[in-house]
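Participant: Following the hints, put chain B in place on chain A, whose structure we already have.
The listed protein sequences correspond, in order, to chains A and B.
Quick note, my numbering runs 8 ahead of the 1-based positions in the first sequence.
Quick note, my numbering runs 8 ahead of the 1-based positions in the second sequence.
In case anyone wonders, no lab produced these hints; they're calculated from the structure.
Given the structure is predicted, the values throughout are model-derived calculations rather than measurements.
Where hints are given, some of them may not hold.
Which copy? The list can't say, so a pair holds if one copy fits it or any two copies do.
[Stated by the list, open to error] EDC-like, lysine to aspartate or glutamate: derived pairs with alpha carbons at most 16 Å apart:
no.: 1; residue 1: Lys-129; residue 2: Glu-208
no.: 2; residue 1: Lys-227; residue 2: Glu-85
no.: 3; residue 1: Lys-227; residue 2: Glu-123
no.: 4; residue 1: Lys-227; residue 2: Glu-144
no.: 5; residue 1: Lys-98; residue 2: Asp-249
Protein chains: 2
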Amino acid sequence: MSKKNRIRIYVDADLYTGGIVVCSEAQAHYLLNVMRLQTGNDVYVFNGRDGEFKSVIAQCGKKQCALRVETLFKTFENSPDVWLLFAPLKKDQTDFVIAKAVELGVSEIIPVITEYTSTTKMRTDRLHTLAIEAAEQSRRQDVPLLREAAELNKILNDWPAERTLFYLDESGNSGSAAEIMPQFSAPAALLVGPEGGFSEKELEFLKNLPYTYGISLGKRILRAETAVVAGLSCWQALCGDWRYK
Amino acid sequence: MSKKNRIRIYVDADLYTGGIVVCSEAQAHYLLNVMRLQTGNDVYVFNGRDGEFKSVIAQCGKKQCALRVETLFKTFENSPDVWLLFAPLKKDQTDFVIAKAVELGVSEIIPVITEYTSTTKMRTDRLHTLAIEAAEQSRRQDVPLLREAAELNKILNDWPAERTLFYLDESGNSGSAAEIMPQFSAPAALLVGPEGGFSEKELEFLKNLPYTYGISLGKRILRAETAVVAGLSCWQALCGDWRYK
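In isolation and in its complexed conformation, chain A is listed as follows (with noise of 0.2 Å):
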């Protein structure tokens, strides 16, 4: 196994070297029955706190594996400070977006509900889980945080005044990410509407908010899901930590 597919679970236990973890059913199932690892193979860890470590499968039964946590493989690096909203939409399309955003280095995860936003339905049990697993894959050392689904404007009052919320408007009023986003530094939030966009009372109030700023992505319509992975990539390359080599 190079460390390039190194395979990587998410755990909560606290990791240091000679450390036990046990595994949860589901983790053991995809260490010995989906990669067929056994006793001996290599394992790494990540808890969202202590860094990567490089750990062995110690123990190992039908449904249960205990790893022992062997040296630090990588210190610990919170991903950027940067929270993506967006409006539910179908479930695959939500899953995807979760993904995405995962793969994309966000720190939280918040669903809105917007006037337009057609479903509010969500297991955010199972979206948590498919999180954990976007974080496993894209080598991050932190899983974000998947809120509860709220309001809209019930999220934007409670609203910390030092974090920019950066919504995308189709309305063709706003400037472009290339000239705003770079003038604010993290901590910062991106904001995306569903199919339908945002009522024409939300831009509005979104507009008049002092820490909020539109950004327009072009003329051409983008689906929600599109507008999710652009407006983050966008944000990462001018303000995250795309910008260092």
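Facilitator: Same frame as chain A, but now just chain B:
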């Protein structure tokens, strides 16, 4: 039907006021059975050269539909001159890449076979239909050319020297999009390798060509299809038509 949600179809025919456009069977099915339109209803048409025209259904039968072209709705505008070169993926991912590349405004799509490309099966006719649908929905006025798949070497041997080629480089040795891309105006191209990345030989070859620049999209591992959307978004934001209000 508001203009925001106007029904658009791509046609081959020349477009001018008073002209008649005979729809294909698939288009007639879409307009009459899916969208449930009837004689007198508005349909917007574009052909990639004459601009977008408002037309009305002049006559329809069971499997056929003719449109009478009325007024010019939007003058023709080319998409920015950026090509996407990507290593074919599994069917669903390839479909995704084609649709997103069209949404994100590429002018040409070239599937490239690299050393680690795992699949070379592609039905270009089916993908062309997909590209047309994405163009209709994204309100582009043109449909990007979709070329047949070819070997990376062959493509680079015939490369037009004035076109800057940005390749996404996961090795950590390349600079950032924000630093490199704005130095070069269109024409440009983005090359995205397969899940396994480029081979060392390919990277060496790419690095030494006079018109190529490696781009790093940070340390997290992006899925190949995420990298396509991310890379094209960076280009549009920094060099393409997302820069303008």
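Participant: All the hints need checking, so say for each whether the structure fits it.
Facilitator: Now for the hints, and whether the structure bears them out:
Taking CA atoms no more than 16 Å apart as the test, Lys-129 paired with Glu-208 passes in neither setting, with 25 Å inside one copy and 46 Å between copies. In this assembly of identical chains, the alpha carbons of Lys-227 and Glu-85 lie at most 16 Å apart only when taken from different copies (11 Å versus 37 Å within one copy). For a Cα distance limit of 16 Å, the shortest separation of Lys-227 from Glu-123 qualifies neither inside one copy, at 23 Å, nor across copies, at 37 Å. For the homomeric pair Lys-227 and Glu-144, the shortest alpha-carbon distance between copies (13 Å) is at most 16 Å, but the shortest distance inside one copy (36 Å) is not.
In this assembly of identical chains, the alpha carbons of Lys-98 and Asp-249 never lie at most 16 Å apart, being 30 Å within a copy and 30 Å across copies at closest.
This entry does not satisfy hints 1, 3, 5, going by the numbered hints stated previously.
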